[in-house]
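Trainee: Start from chain X and add chain C according to the hints.
Chains as they are written, first to last, in our numbering: chain X, 1 to 293; chain C, 1 to 301.
Since the hints were made in silico from the structure, they are not lab data.
Heads up, a few of these hints could be off.
[To be verified] Facing chain C, according to a computed beta carbon distance under 8 Å, are these residues of chain X, among others:
#1 R98
#2 F227
#3 T235
Quick caveat: nothing in here was measured; it's all calculated off a predicted structure.
Just so you know, even glycine gets a beta-carbon here, dropped at the ideal spot from N, CA and C.
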Amino acid sequence: MEKRVTFNGWLLPAALIFPQILISAVFFFYPAGQAIWQSLFIPDPFGLSSRFVGLGNFEFLFSDPFYRASFVTTAIFSTLVTLVSMIPALFLAVLADRLIKGAGAYRTMLIWPYAVAPAIAGVLWLFMFNTRVGVVSWYLGQLGYDWNHVLNEMEAMGLVVVASSWGRISYNFLFFFAALQAVPRSVIEAAAIDGAHFWKRFFTIVLPLLSPTTFFLLVVNIVYAFFETFGVIHTITSGGPQQATTILVYKVYSDGFVGQDLGSSSAQSVVLLVVVGVLTVLQFKFVEKRVHY
Amino acid sequence: MTSEAIKVAPASVSRRGKEPAPGMVEKRGASIWITHALMIFGVLIVFFPIWLAFVASTVTQPEIVSPPMPLLPGEHFFENYKRALFSGVNVPVTTMLFNSLVMALGITIGKITISLLSAFAIVYFRFPGRNFFFWMIFITLMLPVEVRIVPTYEVIASFGMLNSYSGLIFPLIASATATFLFRQFFMTVPDELAEAARVDGASPMRFFIDIILPMSRTNIAALFVILFIYGWNQYLWPLLITTDPEMNTVVMGIKQMFPSGDDTADWPVIMATSILAMIPPIIVVVSMQKLFVRGLVDSEK
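Here chain X stands alone, though its shape is the one from the complex (with noise of 0.2 Å):
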């Protein structure tokens, strides 16, 4: 795609294109190059020099077994929020859909919370569980089941799971709400006249032809659950119990700030560039099939 019509002269584009790339260079690619230089170095205890270590933090980071547990972790995490974000929206979208009248109302209340920040979902979430004033453990209590996130594991991290999902829930509604409205009304009606039910109807046509966006949303929901739930977890387990609920980017920043350990930190952020890297590779991959779909 290119425009026929172009203006001339380079000193107007120049100067025209030049915000962006000071600021990128100054924010995107000497942080990023600092981060690769850095992630060769092991700074010495009093941060006046460092030895250079070539892939040694890599070599160290691998070999460490929290590291590979927060790897873990990020991909259960991950693959939960997904998910618990994706069903329950197809589900609430393929119900608006079947609506004429309502659905636009429904739709206004569904998108409240995505305008709620994660870390804002987090302090909600959190103020439901709480141990001691939250109202849902102690209902919980009131049944029998004794609710301690701080304590138990599983539950620390379905809390986090389900404070992350909660307002994609939103955002995946949207876009499955969308793409059902535009699923023709033609094919939907054949197959009905062919005695197809609901369901049938349902599984052969139309989530076939809603994989595009569940495509899409598959990458950017996993997209989410990496970079932007930082927050949440903050919030709620600040990564525990027993590191539990540390995913990569906690991990980045526990060690870097936290931990004042630059060397390790830099190399996690390296590890993180080069996951964005093939994410940001299979959304455009798709963007391209997507074209012959």
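Mentor: Chain C in isolation, oriented as in the chain X frame:
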């Protein structure tokens, strides 16, 4: 990287008409009511955390710490909100709200401005290094702030921008997403317009201001909604660089309101602050719903 994640939505968004005529596959009678009932049930569950926070912000501390707390609002609405707004825990919430507003608007306006300019340069000019710069911007998509926190923090510290608005805003301003969006849109602007402008002897900037900007109004508004929420909801970055409570933003400041030891948190004030912190983005999303959905979904084509 909320806004970064919205770049490539599927094209399956064309509406099939606002109110489709009831065809043969629409359900009637009992099943429509079941659908409504399920939908309302879903909405209630999704809504419950916000409702509970609101209730907690209208009752007293003793009512909360002796569970179960009531599920209907109490009578201490004004008292709690006044306490939150004007005294808070570390710093009045009005201060934090103001900081959030400055940050959100700074990021939004900054991103839109630099992206409009650079997209215009990339689409309407042929200059040396154009492709190189385009890829340079493109690649920033892959560098969310979470990944480069330590070195970016060092950059900000060396500029003396800790605890400042510029430190809050600038690192989050470069946006490949917005640049792509405007580039996509400029591509659809008919060539005849630029041609006519050139024949009439209008300078590129005149063309930009008189033709391109007015045509981009809807795109700008849609992006505004999404970027405002992105900016308002930032957490990790303000947490790192605002050590002075006076500079805290409201979203990151809430966590700072919890006592560090074993003391009981001041729940009514914390919950009132949570509600205050979510009101601006909710107003933006709900009141500009059409633009918001468009920004999320339609603009990706």
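Trainee: Under 8 Å is the threshold here; is the Cβ of X:F227 close enough to any Cβ of chain C for the hint to stand?
Mentor: holds, 5 Å
Trainee: Once the shortest beta carbon distance from X:T235 to chain C is found, is it less than 8 Å?
Mentor: Check passed: Cβ of X:T235 comes within 5 Å of chain C, closer than 8 Å.
Trainee: When the nearest CB of chain C is found for X:R98, is that gap smaller than 8 Å?
Mentor: This interface hint holds because 5 Å falls under the 8 Å limit.
Consistency note: the structure conflicts with none of the earlier hints.
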